[in-house]
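Chemist: Based on these hints, arrange chains B, C, D, E and F on the given structure of chain A.
Residue numbers (my numbering), protein chains in the order written: chain A, 1 to 294; chain B, 1 to 294; chain C, 1 to 294; chain D, 1 to 294; chain E, 1 to 294; chain F, 1 to 294.
Since the hints were made in silico from the structure, they are not lab data. Please note: incorrect hints may appear among the correct ones.
[Said to hold, decoys possible] Per label pair, the in silico range of CB-to-CB distance:
hint: 1; chain 1: B; residue 1: G220; chain 2: A; residue 2: E255; range: 56 to 66 Å
hint: 2; chain 1: A; residue 1: E261; chain 2: C; residue 2: D96; range: 21 to 31 Å
hint: 3; chain 1: F; residue 1: Y237; chain 2: C; residue 2: G288; range: 48 to 58 Å
hint: 4; chain 1: E; residue 1: G16; chain 2: F; residue 2: P205; range: 25 to 35 Å
hint: 5; chain 1: A; residue 1: S258; chain 2: F; residue 2: P205; range: 23 to 33 Å
hint: 6; chain 1: F; residue 1: K268; chain 2: E; residue 2: G16; range: 12 to 22 Å
hint: 7; chain 1: A; residue 1: G103; chain 2: B; residue 2: A266; range: 22 to 32 Å
hint: 8; chain 1: C; residue 1: D236; chain 2: A; residue 2: G103; range: 16 to 26 Å
hint: 9; chain 1: D; residue 1: E255; chain 2: B; residue 2: G220; range: 20 to 30 Å
hint: 10; chain 1: A; residue 1: R99; chain 2: D; residue 2: T213; range: 29 to 39 Å
[As the list claims (entries may be wrong)] Which chain A residues face chain D? A few, computed with CB under 7 Å, are given here:
hint: 11; residue: R7
hint: 12; residue: E94
hint: 13; residue: D96
hint: 14; residue: S287
[Stated by the list, open to error] Quick partial rundown of chain B residues pointing at chain F, CB under 7 Å, derived from the structure:
hint: 15; residue: F2
hint: 16; residue: H4
hint: 17; residue: S67
hint: 18; residue: W129
hint: 19; residue: T130
The structure displayed is predicted, hence computed values, not measured ones. All C-beta atoms in this analysis are idealised placements derived from N, C-alpha and C, irrespective of residue type, glycine included.
There are 6 protein chains.
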Amino acid sequence: MFVHNKRLQYTVRVAGPNPGLANLLLEQFGGPQGELAAAMRYFTQGLAELDPGRKDLLMDIATEELSHLEIIGSIVGMLNRGAKGKLAEAAEEEADLYRSLTGAGNDSHITSLLYGGGPALVNSAGVPWTAAYVDSIGEPTADLRSNIAAEARAKIVYERLINVTDDPGIRDALQFLMTRELAHQVSFEKALHSIQPNFPQGKLPGNPKYTRTYFNLSQGDEPAPRGPWNQGDGWDYVADPQPAIDGGDGSASVELPSEDENVVQALKQRTASDPDSNPLTGADLGSGMAEQKK
Amino acid sequence: MFVHNKRLQYTVRVAGPNPGLANLLLEQFGGPQGELAAAMRYFTQGLAELDPGRKDLLMDIATEELSHLEIIGSIVGMLNRGAKGKLAEAAEEEADLYRSLTGAGNDSHITSLLYGGGPALVNSAGVPWTAAYVDSIGEPTADLRSNIAAEARAKIVYERLINVTDDPGIRDALQFLMTRELAHQVSFEKALHSIQPNFPQGKLPGNPKYTRTYFNLSQGDEPAPRGPWNQGDGWDYVADPQPAIDGGDGSASVELPSEDENVVQALKQRTASDPDSNPLTGADLGSGMAEQKK
Amino acid sequence: MFVHNKRLQYTVRVAGPNPGLANLLLEQFGGPQGELAAAMRYFTQGLAELDPGRKDLLMDIATEELSHLEIIGSIVGMLNRGAKGKLAEAAEEEADLYRSLTGAGNDSHITSLLYGGGPALVNSAGVPWTAAYVDSIGEPTADLRSNIAAEARAKIVYERLINVTDDPGIRDALQFLMTRELAHQVSFEKALHSIQPNFPQGKLPGNPKYTRTYFNLSQGDEPAPRGPWNQGDGWDYVADPQPAIDGGDGSASVELPSEDENVVQALKQRTASDPDSNPLTGADLGSGMAEQKK
Amino acid sequence: MFVHNKRLQYTVRVAGPNPGLANLLLEQFGGPQGELAAAMRYFTQGLAELDPGRKDLLMDIATEELSHLEIIGSIVGMLNRGAKGKLAEAAEEEADLYRSLTGAGNDSHITSLLYGGGPALVNSAGVPWTAAYVDSIGEPTADLRSNIAAEARAKIVYERLINVTDDPGIRDALQFLMTRELAHQVSFEKALHSIQPNFPQGKLPGNPKYTRTYFNLSQGDEPAPRGPWNQGDGWDYVADPQPAIDGGDGSASVELPSEDENVVQALKQRTASDPDSNPLTGADLGSGMAEQKK
Amino acid sequence: MFVHNKRLQYTVRVAGPNPGLANLLLEQFGGPQGELAAAMRYFTQGLAELDPGRKDLLMDIATEELSHLEIIGSIVGMLNRGAKGKLAEAAEEEADLYRSLTGAGNDSHITSLLYGGGPALVNSAGVPWTAAYVDSIGEPTADLRSNIAAEARAKIVYERLINVTDDPGIRDALQFLMTRELAHQVSFEKALHSIQPNFPQGKLPGNPKYTRTYFNLSQGDEPAPRGPWNQGDGWDYVADPQPAIDGGDGSASVELPSEDENVVQALKQRTASDPDSNPLTGADLGSGMAEQKK
Amino acid sequence: MFVHNKRLQYTVRVAGPNPGLANLLLEQFGGPQGELAAAMRYFTQGLAELDPGRKDLLMDIATEELSHLEIIGSIVGMLNRGAKGKLAEAAEEEADLYRSLTGAGNDSHITSLLYGGGPALVNSAGVPWTAAYVDSIGEPTADLRSNIAAEARAKIVYERLINVTDDPGIRDALQFLMTRELAHQVSFEKALHSIQPNFPQGKLPGNPKYTRTYFNLSQGDEPAPRGPWNQGDGWDYVADPQPAIDGGDGSASVELPSEDENVVQALKQRTASDPDSNPLTGADLGSGMAEQKK
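Chain A on its own, in the form it takes in the complex (with noise of 0.2 Å):
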């Protein structure tokens, strides 16, 4: 169960109004990267752990990103709250109106026509969030590291955001904001590394003849590149790739009922194309081809 508390996690001082700042702090609200996608990714691991400890620590950290969210949306509150009063109670003529809807910058429009200067579950171009955001599949090993990953690109959204912002107040706030991605992303590298093994995440094995090849597909800059990645270590590099590298013909095939392989037959030569015609087409028609044709 959730209880709230009026108070924020962290206080929130914003130094004057700026609704196109306000439209870019939408992406950790509502974007891909954002708070609310954090909160449902630890909230819905956490709801099927089965371990107590890393349930504790889901829910702990989906309960901070919830507080976070509000933080968040709180900042762009403030940031819109005069563009709000003035463009619900028609404080300014008409043209004037439109041009600071307008000229606020970015896509910051959409924030005072359709969501009246609210906090809306959009990112900063008015996307609405998706769960297609959330990437949790349901094994720990795999989902631990999809949360290091997500930690690790919301600390990015912020530093980019702390770098176009100069109100100081904002600023503090969001480097706290930034802050607290890097402690959640070490508690989930501890996690994960407490389950041993952990790698090959699941239960079967790889087959080991491909588990250290590499595929060298893309050429044309030899020689090419090397690394760690490709090179040592075991790794079996492969410089010219050829298809079919089970040994087979590299087609696909199914064993199809002969009533099947019947009627497909007939569909392939019903719909068959003639490669020894030269038809006149509509693009012909279009281009006066036909009359010349003729």
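Modeler: Frame of chain A, contents of chains B, C, D, E and F only:
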């Protein structure tokens, strides 16, 4: 530039038709953990990559994933070939076609009805592939972590598919594909750690006050489970976290120009709730309570 | 700031595994009328709310909906727990696992295959949750009406789920959840009507010429049914509505600068259709008609 | 069956080109609160409605909303007509066309570049319309409440558009459209309350233990604000809500067949975390800490 | 302006309830090739069309497609009517309702559970309709080609539905609807070719060096199949295409201001991979290899 | 199997940075008419194709479109390279970075902030690519028509981009890409017409009663425009179409088992509207009318 060879990277031998299994395999064709997501993830990263070694790595693997997409799509096509023919040629009575369409199980009806038995870029629920699955953000140490996690997830989905497949040719191909995810994962791990330092990703350091703090925000099972993710190694464990960790009052505030402030106050006034009223409501009207009140 | 207690708001006792039912229950987890939609609806409204009483109300209920999300997710997890284990451990023959995966009914295969048996933020068809479900627009009297309607819809979906569930523990929990939607609905009704006036919402009045006009635009069953929505109480019933009710000519026009007008005319000319032609077409070429025409 | 009259329901007179304003107006064409959403909402409800009066009402208004969609689309077309011509005919230098495309503001570039200046079923951020906006669920008293709320939201978006528009012809048309939303809202209110009782919607009553309970789950500002939504009139106010209101232990449990239970335990064992480990992690390797630890 | 007649364009006589078939028919209601997509495609084109004849054509057919949407929706409603009643009234035991909900096949559970048996704007997999299905771009000769193709696809989906339906009344209505797609297709063909020239669409000619070049990029089955699409009639067949057909070096380059270049080099340096390292990785740590290496 | 050559099919020479133009070019990278859509369209068709010639054609062109995707992505990367460096290295003051991020125009902020300057699979409004753009249905004569139309649309979007670009290197590459769409379109036309007959697509003939009927459903401008799409050549023009063209009564009906019928009647009864009531409503309560009525 890409070149295609009509022979597959791995030969596909399907024992017989099975539209239900075909539909499950769509997870790795047009699903979130599937081969298109993998190919597009590495391809888009590779295009923007500045480091020649990593660019080569990303393009090598992107190209291989396209070849895997082709393998999965070919299996799906083989499993559906009979059903495709029968529906196109109307080779059975309507009621029989209806039964086989609906009875093949899971969501296979959509593959037949909407896609004519061909492999479609949807997952096993029929949800179209979306680039929202691709989480690249253009920072190499974050993106490499995302790639490691993506390979881990793909490995698990292949493992599940192998667990439900008894066609030996398909199992063989799926095992190859699963193994390749492991090989890619190892390459990405090597690439990540050949960048040093790689943690924290990006350029800004965290705020040291909060990098090793752990908030016990999910409570109620005292003593809470502990583990290396929140004990030892420098962790500062906050057993009962309180709001406003920055020492402020936990509120959100903004400095508004006075004309903005006036407008906001006017809006607040106009839409104020009267806490001391006990209004008759639509629900009262709908439940007969309005009568009683009078 | 949010805090979580590991104990649920309502105890969940599930009588036995049932992945098919689990999948149906996802409607209230990641579906359009589900608990995440409810929580996010009230949370985002609350963040931007200026009135302290309504802000408190919205945050109270948002927090409760998160707790409901947890209840539903926990039921889903319990119903799937056996299936999750069997697939992860490959505890049965492939053909048996395939049968149970596909045979559990409706879209439960996706929960197992893609999400490993955990609750996922999708509806019962496997469609990912989207913030397009959240219709808040940042005006309190409109948003409160949206909230009333949302609670009404959620109540109905719970009622339907209760009607198809015979597990007594689940029925009990669903009845609690359904009842809470009613309580929330009453609170939102009270909050709406404690703002006076609340109709029309917003600040601009309607144009009195059209506020009580009713256009009988669906015809053909004379006499058309009448009711309080179009008769009595000031309604002006237009039995046979005509275009251009404003008295104009019903056309759309724009004053273009002359250079724009010239360009538009050039475009119109360049792409004009010749109404007097009888052109040969691609369809003619494809149906053998081209031959006949010559 | 539908019939169309080429004259609009309301004459459209646009004073001059303005692609930026056109893009904002797309909110009411292809946006979540726009006319297509309204038309489809009532049309789909009407098709399934059993009551002849309500069916007529729904079809009357659905038809009118289609006519409103046409009005908005016509305004958008007029505002973009000049831009459409210039881009299609390449009537200006590239740099000038680039500047006018990008400089018209907000997201108008997408209307020109992708849709050639025609009205497209996207909102003002360029997000395609989705049926996820239509929240009909097929129960009349719930759907009528949804309709009332939808009209309220649409009214507000029109009001905002009027507030930013100074073209008198467009303002006039928008005021007509806004007013019609109010008229429809009144009709739906009447239709709702001509069903008695209409609360609670559906057939199942709530559990009387919880229908008038209010949980004070957002805390920290004592005394919490009170109002008619949680005081008086039968409300049971729970000042400090605790988990497991049903009197149980607040846990989630399932009775598993013993073979399922064994498999689940095997899975739990295989993936258990070791809480007493202090493992070296990838983050350690990436931050130079691995060296220090040795 | 639209007007509606309550009588359908084609009488619908359904022989009995069948929620599974109803769900399949949703393909033509809310699916990508369905009637809403058709209606919206022509309606949005018609609104922006400059040519009076084509505008009339587009509006005529758009209006007819809306009438077809109504026919399909009415069939769906009839097929689901019994199921709707039983679920709403809870007319059977829970277990029986569960069985009929889940056992009706394909995705019909979603129509009942979420939409109450009414026709919903989703396809047969439950995926909501999206305007991403509408591919109009505002150039008449391109859009007419899109319309021809759309009618062709819709015809095929109707054919498949007819092939799986044995209810004579539904077959009769589907045959009418299928036939109308053919009639529309012919009209669009005529409209396309009454614009001359219509190929190439738009105003810019192609670069003559590449308009009739064919690149044999899919290889491995020598000799490659040939046909009128790559032989005769002016085709220049490139049997073994090489990169950089323009004669350049096939690289991508940009002229950067020197301060930009310096920053890019700094970024490249900071994130460079060390190709000569052989780093310990997270996967090593997780597979026990780290121990071996020390 | 695919192989990649690091050299591009066409050399890319960009004159200088321009994030705004980069964002527009994303239309052809991740937009609906872009190169990924093209590649996936032909690739998925090719996988299921039975005819060897068409399969080769589809794979040749799919492979070329992947190479075009690479060209566009490379241009985008070059145009953004400077901005990417400056944001990653924080090479300017925050306020300057904010200004350049927001001031580059259209939606370029999203490319920088979320994607770090790399090419992302979104369109120029930031909307993620979706497989809903791929309209293949697995019938060759329909799919070839779809391909022709897709090439036509892509050509137009390239033309528009050329019209707004004054960088000569980019114009040169765009002209190459535009030209290739024309070449592909001609190939698909040839392939379509080398199948004879190809109209009507599929196997079922239309109902001759309705194949050449034209319904004048958009009225009001008598005489209605006529053209080859509705006159001559066998067209039966219905000037004033009436419902129920089949001669029936235009109603929808279903034969329900009597127990179903009884339940439906019970539902109808329970939710009936009272047409003779004049109920007090929520809107009355909110507008002060309730008081007047008493």
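Chemist: Cβ-Cβ distance between K268 of chain F and G16 of chain E: within 12 to 22 Å?
Modeler: 19 Å, holds
Chemist: Kindly confirm whether 56 to 66 Å is satisfied by the beta carbon distance between G220 of chain B and E255 of chain A.
Modeler: Given a distance of about 58 Å, which is inside 56 to 66 Å, the answer is holds.
Chemist: Go ahead and decide if the range 16 to 26 Å is satisfied by the Cβ distance of D236 of chain C to G103 of chain A.
Modeler: Violated, since D236 of chain C and G103 of chain A (Cβ atoms, about 42 Å apart) do not stay within the stated range.
Chemist: Hint check: is the beta carbon of T130 of chain B less than 7 Å from a beta carbon of chain F?
Modeler: 5 Å, holds
Chemist: Once the shortest beta carbon distance from S287 of chain A to chain D is found, is it less than 7 Å?
Modeler: 19 Å, violated
Chemist: Please test the hint of 48 to 58 Å on the beta carbon pair from Y237 of chain F and G288 of chain C.
Modeler: 24 Å, violated
Chemist: A closest beta-carbon separation below 7 Å is what the hint needs, so does E94 of chain A meet it against chain D?
Modeler: At 4 Å from the nearest chain D Cβ, E94 of chain A passes the 7 Å test, so the hint holds.
Chemist: Using 7 Å as the Cβ threshold, decide whether R7 of chain A counts as touching chain D.
Modeler: 5 Å, holds
Chemist: Given a hinted range of 21 to 31 Å, is it respected by the beta-carbon distance of E261 of chain A and D96 of chain C?
Modeler: Check passed, 30 Å falls within 21 to 31 Å.
Chemist: For the hint on H4 of chain B, does the least C-beta distance to chain F fall short of 7 Å?
Modeler: It holds, given that the least Cβ distance between H4 of chain B and chain F is near 4 Å, below 7 Å.
Chemist: Range hint 29 to 39 Å: satisfied by the CB atoms of R99 of chain A and T213 of chain D?
Modeler: 50 Å, violated
Chemist: With respect to the beta-carbon atoms only, verify the hint that S258 of chain A and P205 of chain F lie 23 to 33 Å apart.
Modeler: 29 Å, holds
Comparing the model with each earlier hint shows violations of hints 3, 8, 10, 13 and 14; every other hint is respected.
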